[in-house]
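Peer 1: Sequence:
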Amino acid sequence: MASFSLLPAELVEYIVSYLPQHDIYAVCQINKGLLKLAIPFLYRHVDLFIPPSNKLPRIDRFCLAIINSTRKANNIKSIRLGLSPNGDVSVGQRWLPPDKNFDDQVMFWKAMTVLGDETLVATGDYLRDAISMREYSAYAALILLVLPNLSQLDVADYKSVTFHHLHTILRNLDPETAWNKRYPSRILLSRLSTIKRLSLMFDSRTGVAYQGDSSRMTLDHFLNIPSIETLELSHLKWPAGLQHINTAHPHLANPIVDRSRATNITTLVFRHSGAFTPALPSLLQCMPKLRSFTYEFFFPGPLPPSHHHQMLSLDAWSDHLRRFSSTLQVLVLSAEYCDTSAYFFQQPRISEMLMGYLDLTPFTALHTLEVPFPFLTGDVDFSITKEIYPLLPPNLQHLTLRPDLSHAHLPFPLDDSILPHGLTFAESKDMAQYRMNARMDVSYMFQAALSLLDLATTTTSFRSLSVWQPADPGLSWFDGQIQDFATTCRNKNVTGRLLEPMLLRWKNGAEHWDLVREITLFESEKRFWRGEGRLGQVLGLGCQFHVDALCKGRVTAIRRPDTARHGMNRLC
Numbered sequence: 001m002a003s004f005s006l007l008p009a010e011l012v013e014y015i016v017s018y019l020p021q022h023d024i025y026a027v028c029q030i031n032k033g034l035l036k037l038a039i040p041f042l043y044r045h046v047d048l049f050i051p052p053s054n055k056l057p058r059i060d061r062f063c064l065a066i067i068n069s070t071r072k073a074n075n076i077k078s079i080r081l082g083l084s085p086n087g088d089v090s091v092g093q094r095w096l097p098p099d100k101n102f103d104d105q106v107m108f109w110k111a112m113t114v115l116g117d118e119t120l121v122a123t124g125d126y127l128r129d130a131i132s133m134r135e136y137s138a139y140a141a142l143i144l145l146v147l148p149n150l151s152q153l154d155v156a157d158y159k160s161v162t163f164h165h166l167h168t169i170l171r172n173l174d175p176e177t178a179w180n181k182r183y184p185s186r187i188l189l190s191r192l193s194t195i196k197r198l199s200l201m202f203d204s205r206t207g208v209a210y211q212g213d214s215s216r217m218t219l220d221h222f223l224n225i226p227s228i229e230t231l232e233l234s235h236l237k238w239p240a241g242l243q244h245i246n247t248a249h250p251h252l253a254n255p256i257v258d259r260s261r262a263t264n265i266t267t268l269v270f271r272h273s274g275a276f277t278p279a280l281p282s283l284l285q286c287m288p289k290l291r292s293f294t295y296e297f298f299f300p301g302p303l304p305p306s307h308h309h310q311m312l313s314l315d316a317w318s319d320h321l322r323r324f325s326s327t328l329q330v331l332v333l334s335a336e337y338c339d340t341s342a343y344f345f346q347q348p349r350i351s352e353m354l355m356g357y358l359d360l361t362p363f364t365a366l367h368t369l370e371v372p373f374p375f376l377t378g379d380v381d382f383s384i385t386k387e388i389y390p391l392l393p394p395n396l397q398h399l400t401l402r403p404d405l406s407h408a409h410l411p412f413p414l415d416d417s418i419l420p421h422g423l424t425f426a427e428s429k430d431m432a433q434y435r436m437n438a439r440m441d442v443s444y445m446f447q448a449a450l451s452l453l454d455l456a457t458t459t460t461s462f463r464s465l466s467v468w469q470p471a472d473p474g475l476s477w478f479d480g481q482i483q484d485f486a487t488t489c490r491n492k493n494v495t496g497r498l499l500e501p502m503l504l505r506w507k508n509g510a511e512h513w514d515l516v517r518e519i520t521l522f523e524s525e526k527r528f529w530r531g532e533g534r535l536g537q538v539l540g541l542g543c544q545f546h547v548d549a550l551c552k553g554r555v556t557a558i559r560r561p562d563t564a565r566h567g568m569n570r571l572c
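Residue 462 in the UniProt record's numbering sits at position 462 of the sequence shown; the count goes up by one each step and never skips.
Honestly, the hints are just simulated from the structure, not real lab data.
You can take every hint at face value.
Below, a list of computed lysine-lysine pairs in the DSSO-like style, where the Cα atoms sit at most 30 Å apart:
| id | residue 1 | residue 2 |
| --- | --- | --- |
| 1 | K386 | K429 |
| 2 | K289 | K196 |
| 3 | K110 | K55 |
| 4 | K386 | K492 |
| 5 | K72 | K196 |
What follows is a set of in silico ranges between Cβ atoms, one per label pair, in the way DEER data are often shown:
| id | residue 1 | residue 2 | range |
| --- | --- | --- | --- |
| 6 | A365 | L450 | 25 to 33 Å |
| 7 | T119 | K526 | 49 to 57 Å |
| 8 | P20 | Q93 | 22 to 30 Å |
| 9 | E518 | P413 | 16 to 24 Å |
| 10 | D484 | P413 | 21 to 29 Å |
| 11 | E176 | E352 | 43 to 51 Å |
| 12 | E518 | G422 | 36 to 44 Å |
| 13 | S227 | D129 | 26 to 34 Å |
| 14 | A122 | P413 | 56 to 64 Å |
| 15 | K55 | L450 | 51 to 59 Å |
| 16 | A365 | G422 | 50 to 58 Å |
All of these numbers come straight from a predicted model, not from anything done at the bench.
For each residue, glycine too, the CB sits at the ideal point set by N, CA and C.
I would like the entire structure built from these sequences, with the hints used as guidance.
Peer 2: Here is the structure:
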């Protein structure tokens with residue numbers, strides 16, 4: 001096999017472009033030729049997250065490097081700042097330990113030059129003192145002032161305490177605040193205007209939800225960034241100790257934004273978030289141009305009875321989204337209600353907590369829709385005898401159906417060898433019954449997909465129907481069902497696709513939680529998508545239960561053929 005040094009530079013660049021940051025760093029250490037080739041990629045997508053070990057990344061060295069090298073600074077397209085979702089990562093101010101091999105005086109004076117040229121930062125601003133004290137947050141704020149071509153910013157910060165200086169910079173961008181009499185320079189506004197995508201309280205590498213109360217995160221400061229087009233956030237989480245709170249909806253009290261203002265945001269994505277709340281319209285009012293909306297409902301159960309009444313009211317969602325009936329083009333909704341401390345066959349059912357179904361008939365611009373079956377049928381019991389009368393948008397082109405909230409949603413191949421005494425007879429019986437119910441729900445979803453296909457094709461604009469398969473490969477459609485679905489799609493001149501989530505099929509939740517295999521049936525085409533699908537819809541939704549099971553080693557490890565040869569079968 002040829003070594004890296006013997007391969008054409010174009011091929012090496014192509015390979016390096018797919019590597020994560022730590023692997024690119026390893027490539028840089030092979031020889032000087034590869035160092036020169038890989039450095040631009042090393043500084044393209046920068047990860048400065050604080051890992052579970054709480055060991056701070058060398059943000060000081062990175063900061064000095066981009067101040068010294070305009071070329072490196074120009075090359076940075078995305079950066080991740082903040083805390084890992086691991087529960088062991090502590091919240092609060094951080095200071096880098098002293099390093100005798102790093103010249104803090106040089107760093108300080110170069111930082112003073114940068115701050116001296118920026119009109120937004122006062123001469124006596126304590127950001128200067130924080131840099132001299134090697135505070136992590138101060139370096140993060142300085143980085144934001146320097147980068148000229150940043151397109152994506154990821155920040156994870158509980159209650160704004162870890163990145164106080166970063167929040168201060170963003171807060172002071174608002175000229176309407178009474179305490180701020182300073183204005184940003186044109187250069188700073190130009191630099192911040194390159195940021196098009198903003199992600200808050202979401203770890204795009206692992207997909208693991210943040211624990212604790214993230215609903216107190218400050219969003220107003222980030223909306224001061226002038227040209228954001230895509231906003232992704234996790235919000236309205238269930239706070240710890242919910243069972244001890246007697247108010248009906250304690251997590252709904254705080255507004256998402258304190259001051260409404262028009263923004264350029266066209267894509268809004270909610271990850272691992274709770275029920276709709278009166279606080280949400282304050283954010284929706286800031287997005288008159290919204291074209292794509294994704295909401296991942298995540299309810300860590302079991303919830304107390306006080307929260308059971310219309311926790312998921314689809315009628316209310318239809319009403320509140322109606323303000324976008326003439327602009328919304330893509331709507332993606334998913335739902336997950338689970339207890340990660342219980343077996344998959346002991347999971348709570350959402351039952352009466354889901355009310356109504358979606359009425360999308362006023363949404364004339366909506367052409368792409370992805371929802372769980374009950375959101376269209378109103379039948380959370382997946383009863384095969386119930387008639388289906390969906391209220392679909394009039395110009396629907398692409399419909400994707402999800403198995404969320406069914407018995408087939410949460411099962412996985414349980415590795416009972418990790419259990420001290422195995423399953424009891426009663427537990428084994430419950431698991432067998434649950435799997436039988438899951439297979440019945442799969443049969444229902446097959447029949448419902450055919451019924452929805454008949455109803456959707458009454459409009460001439462309809463083009464494709466995609467159906468998500470359960471995460472457990474043992475619950476996929478039978479060959480006969482796949483053939484019948486393909487034949488029906490062909491007869492109606494509609495593209496039929498099956499979507500297979502790979503997190504349990506390849507047994508690596510850390511890498512494959514948002515990877516999907518798309519199978520186009522009568523065209524015999526297979527294609528993989530990660531992060532976003534063919535139609536731009538967000539991937540990796542509704543998988544927290546399985547990601548948690550993978551990370552805890554509960555899933556039976558089955559080596560896939562190609563990984564067996566390369567030794568890539570790793571669990572997160």
